[in-house]
Structure formats: C-alpha cells, structure tokens
Amino acid sequence: MTDGPAETVEHVSGSGIPVRGNDIDTDQIIPARFMKVVTFDGLGQFSFFDQRFDGDDNEKEHPMNEDRFRDASVMVVNANFGCGSSREHAPQALVRWGIDAIIGESFAEIFAGNCLALGVPTVTADAETVTAIQDWVDDNPDGDIDVDVANETVTYGDTTVDVTVDDAQRKALVEGVWDTTALMKANAGEVEKTAASLPYVDDAA
Amino acid sequence: MSEGTLYDKVWDRHTVTELPTGQTQLFVGLHLIHEVTSPQAFGMLRERDMEVAYPELTHATVDHIVPTADQSRPYADDAAERMMSELEENVREAGIEFSDPGSGNQGIVHVIGPEQGLTQPGKTIVCGDSHTSTHGAFGALAFGIGTSQIRDVLATGTVAMEKKDVRKIEVTGELPDGVGAKDVILEIIRRLGTDGGVGYVYEYAGEAIENLDMEGRMSICNMSIEGGARAGYVNPDETTYEWLRETEYFQKNPETFDQLKPYWESVASDDDAEYDDVVTIDGSELEPVVTWGTTPSQGVGVTQPIPAPEDLPADKQDTARRAQEHMRVEPGETMDGYPIDVAFLGSCTNARLPDLRRAARVVEGREVHPDVRAMVVPGSQRVARAAEEEGLRETFEAAGFDWRNAGCSMCLGMNEDQLEGDEACASSSNRNFVGRQGSKDGRTVLMNPRMVAAAAIEGEVTDVRDVETAEVVVDD
Chain A
1 MTDGPAETVE HVSGSGIPVR GNDIDTDQII PARFMKVVTF DGLGQFSFFD QRFDGDDNEK
61 EHPMNEDRFR DASVMVVNAN FGCGSSREHA PQALVRWGID AIIGESFAEI FAGNCLALGV
121 PTVTADAETV TAIQDWVDDN PDGDIDVDVA NETVTYGDTT VDVTVDDAQR KALVEGVWDT
181 TALMKANAGE VEKTAASLPY VDDAA
Chain B
1 MSEGTLYDKV WDRHTVTELP TGQTQLFVGL HLIHEVTSPQ AFGMLRERDM EVAYPELTHA
61 TVDHIVPTAD QSRPYADDAA ERMMSELEEN VREAGIEFSD PGSGNQGIVH VIGPEQGLTQ
121 PGKTIVCGDS HTSTHGAFGA LAFGIGTSQI RDVLATGTVA MEKKDVRKIE VTGELPDGVG
181 AKDVILEIIR RLGTDGGVGY VYEYAGEAIE NLDMEGRMSI CNMSIEGGAR AGYVNPDETT
241 YEWLRETEYF QKNPETFDQL KPYWESVASD DDAEYDDVVT IDGSELEPVV TWGTTPSQGV
301 GVTQPIPAPE DLPADKQDTA RRAQEHMRVE PGETMDGYPI DVAFLGSCTN ARLPDLRRAA
361 RVVEGREVHP DVRAMVVPGS QRVARAAEEE GLRETFEAAG FDWRNAGCSM CLGMNEDQLE
421 GDEACASSSN RNFVGRQGSK DGRTVLMNPR MVAAAAIEGE VTDVRDVETA EVVVDD
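If you read the protein sequences in the order shown, they are chains A and B.
With the UniProt record's numbering, letter number 120 in the first sequence gets 120, and the count goes up by one each step, no holes.
With the UniProt record's numbering, letter number 192 in the second sequence gets 192, and the count goes up by one each step, no holes.
Heads up, a few of these hints could be off.
[Unchecked claim] Examples of chain A residues lying across from chain B (beta carbon under 7 Å, computed):
1. Asp27
2. Met35
3. Lys36
4. Asp41
5. Cys83
6. Asn114
7. Asp144
8. Ala168
9. Val174
10. Gly176
11. Thr180
It is worth saying that the hints were derived from the structure and are not from the lab.
The beta-carbon is built from N, C-alpha and C at its ideal position, and this holds for glycine as well.
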C-alpha cells in the first residue's frame, strides 16, 4: 500500500457467488479463532470456515466449496449481512478469497465501512431483485455480472437493474478517495484547531 | 434531521471539516486499542512511514486473547504470545499508555475506560471493537471501527464518518423486581430487530433508564450494536457525575472535574431537542428476557412461549427455523427448564461489580449443579480486587464457580475458555451467534447475571424471581 491517492473503483466485473440467508454475522464470515494473527495475510482460506467444513475438516455443502464458483468475484447476499463484530478480518478474508464487490439487500454499517476502506463496493437492492440475481448466478456460474458503481446499476446476462450505492461510498470509490488517511492527514492544522477548542483535550489521559 | 441532541452537539464540536466524499472528518478524543484489531493498523502505519499523531489520547489494554488462568510469560498459546508481544512493542514505540496485566489496571477495554475516568461525557471515543458503544453510557459518542479506520485514527487523530439519524428510546415506568438493564436491552432488540438501528444512533431515556446505575447504563449502551445502531448513549446526569468523581483520575484532579463539568452539562440533549424517531417501551411490564435463538433479537420473556417461525415477519422466518433447529427448542415451550452445561458470568456487557454482586446474592449458600461448569471472569483487575475485598470470590468459589482472571474469555472464545461440542451455555455476554463461544455446535443463551447464577445452580434456565436470594452480600 502506498501513501498516494487510492484507485478509482467505477466498475467491478466478474462471475458471481450466491451466499443466501439473512443476518449472516461476522463470526460466521470468519470465526474468532482465526483472528489470532498480527496480519491479514492468508485469511482467505478461513472465510466461512465453520459453514464450509465439519469438525473433521470435511467439506460441507457451501457455495464457496463449489468448483463452479471458485473464480467468483461478486458475492450476492441477503439482508443485514456482516452484522455483529466490527472485525475487519471479515471483509479482509472475503477479499483474499477473491471477492471484489458485494450485492445484498442490506449491510451492517461497520461491515460496509470496512469494505469501503478496502475499496470493495457494497451495493443494495430489494429482496426480489437480489433473489433474482442469486438465482441467475446459480444457473450461470460462469456468467459475468457488472457492478456499475458510478451509475448505480447491476448488469447480469441481458438484464440491467437499478441498485443503490450509499452517496459517500459512491463518491469515495468513483473519485478514488476511499483511502482517507492521506486526505485527512493533509488537514492536520485544522485537526489541531479542533483539538485546541475542546475543553478536555489538554487534560485527557 | 435531529437537532439539539447530544449527538448533534458532540458531533459539531468534533467536526474538523467535510471530506470530498461528503463524510465528516471527526476529531477523536479517546482512542482505545487492544491486541486483536490494532497490529495490522500499526503495520500499515509503518508501511507508510507515519507516526501516531496523538499518543496521549490513546490507551491500550489486552483482553481478547489474554489467558484467564495461567498468565505467566510466555503464554502457553504461541499465537496469543505473539499478539501480546506485538502490542507491547507497538505501544512502547509510540509512547502509548498500556494497562497491561502487571499494572493492576488491565481488563476488558470497555470496562477499564470508564473505571479509570478516561471515558467522559462529550468525548468522541473509538476502538476497534463493536462494543465501544458501551462508553455512550456516560454521554460520550462512542463507535466501533475497523482496522483501516484504526490506522486513520493513529495517523491523524481523526476518523471519516457519516452523520446518522437519532432515535430516542424512552423506557418509562419502574422496572419490576428481578428485571434489570440486560432485560431492557434484550427487549429493545427483540422489538426493533438486529437491523432496526441501521442508520441510527440510539438515545436511551425515560424513568427506567434514569434510575439505572452507571453499570446498568453501560450494559444497555453496550448492546446498541446488536440492534444495528452505530452508537448508543444516555445523557449525563448526577449519576454520571457522581461516578466520575469517584474515579481515581478525578480523585487526583478534582479541579479538572470542576473545569469540565460545565462542558458535560452543555452537551446533554436539550429539552426541546428534535429526534428523527421516538420509540416508547413500558419498563414496568418487562420480565427477565432470555434468548431462544442465534441472534440477540431472538429473545423471549422467561415465562413466555417461544414463537413459531410462521408467526414472525416473513424475512425472519428462515433465520428462526435454523436457529430453533440449532438450539433444539420447540415453539410453544418456554425457555424455563432448558438444560445448560456451562454458566459464564463475564464479558463487557455484564462483568462489572454490581453484576457480580447481584449474581453472588443468588449463589450464596447454594451449590452449582453437578453437571454444570460455572465460571466468573471479572471485567477487569480492578473489578476482581473490589469483588475479592467484598468476599464475592469466596461466595462464588464456595458454590463451585471457577474464579478466573480478567478478560473477554468465553464471550468469544479467543483464549482457552471455550464451549466444547454442543454444550449449552447460560451467558451474561452479548452474542449468541453460532460458533461465537468457540464451538460451532455450541449453544448460547443470553440472560442477565442473576439469571446466569440461577441457571448454574439449577442446571437449567430458571426464572430467578422464583429463587430466594441471600441478603448477606453488600447491598447495591
């Protein structure tokens, strides 16, 4: 990672993978025991680990275990995806497995924020639309999905549907300002002023 | 949009500027860090050749992986030792104060901040942990953040955020005997759902909230995130100020207390503040709430029937069916009588002194059921010391509870304290997700600390109101 401007993310294209079910929490996306690490490297293999493997490490039925979805980069999920723990390990694991964008009915806010920090769009649509995309992906595992972040559409096969991208997320991705560190560091003078205006700052800690 | 609320006022006071994304660059008054979510952020900082901008506003502790039995170094678990060493190196290099186990101040990050007087009204507080919402109990704006945001805060002292709406949740009336803060928040999440708070911060108000002690308010704010809200808070009042005055920090700096109090009072929501939404709950009608499922919203009064999935809203039915299969419960039954194997009294939700006192009253003079392994994991070393001074440790140990060192422990199973196989656990913690307590077949039933104590004694979920409690323990 460099200290320069982030890349722009206007489009994400690739084949899809459906992960069905509401309220999929980050403990499911990556169980806590795999967080005993000091870097995010290698987390991809542990994505949805307990959903994918039984106690003896035998593969269970899960889309991420299916060969036909192995090269997928667009995950299609349902409501309240990523609820629970704030662990960035969850989107980090998905990204390292190969995911570049997620389409869903709704996302937990910290999860969506963590995805944005990695340049991964989390676009939303109503339940019917999402289910239709999931069904299409099931039938067309090699088919391309195009997530157009700038224009808030998703195209799969011959179908284009409107989706919603949060305003700040869209701007950040399309204009390449999703990596906020350098941007905010440039305002150090203003930060100092804000700090000085707060009655507790001098006395803190 | 809301106007005149604590959220609006604290947000405005901490706004640095608007970013090109439309997000606000918000100054961070207190950055709490721990060993799980910060090492990668320090790594990113090194890659960018950046330094920690405000080490004096940053405070570290170790809680998630710390062993609760043998804490001699190196830790028996190599991975845990590596994480601890990494944290030690990072805080030493940056000059960040560290409540390490040798300091006598170590504990769960959301327990130590308040008890050390670091958590104050009108501060913005962030931490790489979703339960940072806990600190809202003091009228702070407290948010859980991800690791990339930790990097931002370390590097700049600020975080990029979008402003949310404010929902006031008014809990009216007097809570009945045997009903506490945990029951209130489980009921709120049951009614509004795990995603009901998306787009909101929650302001908790009303007679039932105002009458709670600070620890109770912390339990409620702690679980705001389980309801999907970005943060939760209670307006500061005399209860808050009294608590702060007693902290070591303000005991040593009483003049600072007097200097800051006008600011604390000024950030409280105005009487005529405008809210984006208001929800009212009659607290006098509540009873102890326990979960029957695998999300914190799947709760029910302990004497009430477990709902049938088909009676729930359409989008909740599938999750409910899977949850009932996992938990092996049937609609129409009550949770009263559900057999348990483990009792866990701990976590950032319910491991503070009054939680342990209330549970000890139930335990006093009784024995843990022979088929149950029961443990108390105090929220911090300070809580442990205070409890030991009051004789609570003896009470728990005499009954057969295991008394362990402070940490997150079995709340999320990142140390050796984990469920095995399909064990069912009566837990004072905050999450009952599948696999949460270290075993993917484990079953977690959330409840208040007194209910955990009763379950430990009876070997099954038990309505604590039916259990006679001792009076020997210090009154709270």
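Which hints from the list above does the structure break, by number from lowest to highest?
Numbers 4, 7, 9, 10, in rising order.
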